[in-house]
Amino acid sequence: MRLYRKEGNTIQILALPSEDVEKGEYLLIEDPTAHRSLITQVIDIQFANVPGILEELLRDSTTNESIHEESFDPLGIASHVTYIQDSRLLVCKIRGTMDDEKLSISASWLPSRSQSTIKRLPTTSLLTLAKISDGLPIQLGETNELSPFSIDARALDGKLNIITGKKETGKSHLSKLLVLGLIDYGAAVVVLDLNGEYTHLGFSSNGEKNEHFNKVQVLTPGDNFKITLTQMKLRVMLNVLINALHLPGTSAREFRRIWCFLQEHGTLTLHDLGEAIRNWRCNQHVRDALFSRYYSLLNSGFFTDNPPEATDLEDNFRKIRNGGVLVIDLHDISLVDRQIAVEYVLGKLVELLSQWKIMAVFLLAEEAHLYLRETYWDDIVTRMRHFGVFTTFVTNQPNTIQENIYRQADNVFLFNFTNEHDLETVSRAAKVDAETVKSIARDLPPHHCLVLGRAVKDFPIVVRVKALDVQTMGQTRLFFVNN
Amino acid sequence: MIEQLHYATTPKYNFPQSLQDLQLPQRFIEFSLKSMKKINGECFQPNEITPYEPPRETSEDLTLAFPPHNSFMLQPIPLKPLPDETTIAAVDVSSIKVGETETGVLCALRGAIVWKEKSRYRCLRIGPFPFHITEENKREIYAMLRRFCFKVSGETHAPSLVNMQNRMCSLLERWLQMGVSCSLQRSVILWDGSLTAGTLDSPVKIVSQLLEMARNRLNTVLAFSKVTRLGLSGHRLTDLAWRYPPPSLLQINDFPTQASGTVCFLGNIYVARLTEGSCSFRLDIDREIPWEQELEAVQRLLGNDLFLQSYPETLRLAHIFSTFTANEVIGIQRFIAQKCGLKMVTRPDVRRLLFGPYGKGSEG
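Going line by line, the protein sequences match chains A and B. The opening position of the first sequence corresponds to residue 30 in my numbering, with each subsequent residue numbered one higher. The opening position of the second sequence corresponds to residue 266 in my numbering, with each subsequent residue numbered one higher.
Chain A on its own, in the form it takes in the complex (with noise of 0.2 angstroms):
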């Protein structure tokens, strides 16, 4: 391999058909005038542009169709011809600088074109150098050397994680691993699952209960997850009024009246906020607003008068606080449940977090933007995050979580995309350049996933996602199972 060109963090190297690299594998560019080496890592696999190729490639055609062709080549001159043919360019991007064995983000030095060697960088090296897996590691899955591959459990600390990549790719499956390492780690999780993939997060796929089996509880609204009105903060129950149920500003101020009223009364319950608005002196058409919302909240199964019935979240969440996960099932359930169910969670959990009953939360949101209200994002980016509430959201349609996230994010663990405009969403994280994600990300294959930012101290890893001897439901019906 021969150093060719370098522009902006862009390196070309020229390397022979014989010279076997795939696109993410980390180069050493040694230079030993300057007694330092540039980590590359290689993005893009093309075929140098040889001097004469085409002139070739067209006289070759003409061969193959209409001329039959013999050659009388005893010194075997083709065979190093076509050698020079399938040479590559390959395109790399700076990543850091060896210095004495020391790892540094800089680049900004260049390499001798004459003097330097390049060779492999082993992804194993490259943890090892740059302490990836170090501390508590998870382990995701393999590097492309077949090596195991870790991140530190740390890195997902107090941070905001993204998972992407397009269907079937093995986005679940991350997460899951990922929940699992958690709360082998004593880390509470929540996840907001909806399609019902985590409930059974605690048996092996052979049916059987696993490990993690007593540290899984699962919720459903509606089910066994039921809350009384006096468990409910006003100010939650105004959110998903105004927000869920989207009550206008006078009937929501009515509203607010009619709860406080009930409040100082001690008579908070469904019957009794139903009477109220009933016998509640107002406008006619407040009155309907504030009647139709109460019997969508009537309707969702999630209140309920009967306190035995209900549910204390702080007491499942004493429950995982030396490592667990809360599963809120919200498959099978409309979008205006889902939405109350999620507001109450996240409140409640504020609640807790503010209040130190809980130190942190892990919060793993599968498509979020269908039971998120838009102002929630930056509300969990931000502010939520002081609390303790560090979130990971999963995604198939990129485009559904908003700019500024991207940007925010501190790991991105991306799977195969090869949709331009998904790419193009993607590739606006600020961990890393756009052209990486896109290169890498179009040729991942299933279960492989690039991996950016701090979980790899911004040296992007691909990594084929380990096998879960877990029970998966997230797997799509089929029709023609047996046929």
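What the hints contain is simulated information worked out from the structure, not anything from laboratory work. Ideal Cβ placement from N, Cα and C applies to all residues, glycine included.
Lysine-lysine pairs mimicking DSSO-like chemistry, simulated, CA-CA at most 30 angstroms apart:
#1 B:Lys-362 x B:Lys-491
#2 B:Lys-299 x B:Lys-608
#3 A:Lys-35 x B:Lys-608
#4 B:Lys-345 x B:Lys-383
#5 A:Lys-52 x A:Lys-196
#6 B:Lys-608 x A:Lys-148
#7 B:Lys-604 x A:Lys-148
#8 A:Lys-148 x A:Lys-495
#9 A:Lys-195 x A:Lys-486
Okay, the calculated bits of chain A under chain B, using three or more residues with CB under 8 angstroms as the criterion:
#10 75 to 89
#11 95 to 104
For chain A, the structure is supplied; the task is to place chain B on it using the hints.
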């Protein structure tokens, strides 16, 4: 036998049987390997790759001083294509300088034979054969090649190192022409160039022999020159065909057989305008065959080959298949460097050093 690896001819090589009988490919390999035997470990400066290699010096170019003559008669001959499945064969060769060593020059030769048989083109590429030519071995190589190509022995004066490449290329071409002449029958054989003889690489005896071999097997040799500087009354010869509709030949009657010195014309010279388009070519046809047969050969060519701008497709393909591309030159350089353990060096360009961006053109 030369102490070298034994290279067997490829099993695909099945055209025509008599070519193998001449044993020249094997000889060429031997000469090629022998010439490179002594360069082990030398420094090697690869030649800069230029997509265009200047055309070889032909015998015609040596006879530019064609005497002005006023008594020529121009006679247009209209042609009618004669499709009869006659085999059309063409030969072309090319050579390229691939680099320089401390002691000499590295070049490569390749030939191509293309023939159209039963509406299908076939092609045989022979080579490339790399050669390392030095002041020491040039005489030996040249003499041996002459001996095997022309069956002529005895002392001969080898050309200068600069001209060796072209001379060897001509020898390979003559050998291929001989092979085709010997193996085909009742065919039209196309040569690239003219039937001008009497130069170092085209001795009259040899070219005459080649034409005779072709005649004996009822073949007709037609030689197409892409460039001619022969003129008539101040006009380039090929410009005279404009007035006549294609396909036609313009015959120049009373053309002399002898030019200046030893140079002579072994063919009748025509200007061929075979299709519509802007090109016409000088066409030499073996002088020893009857005029009717000459005409019939051109008509058979018209009836059995394709044409692009009056130029036969078979000859065009032969040129294309023999030509070296820049990529092939790099491949040959790599082969030689690996085979002989050469160290690649880049010598400073004196012109560039002295004149900077004004140092254009080749050194010399």
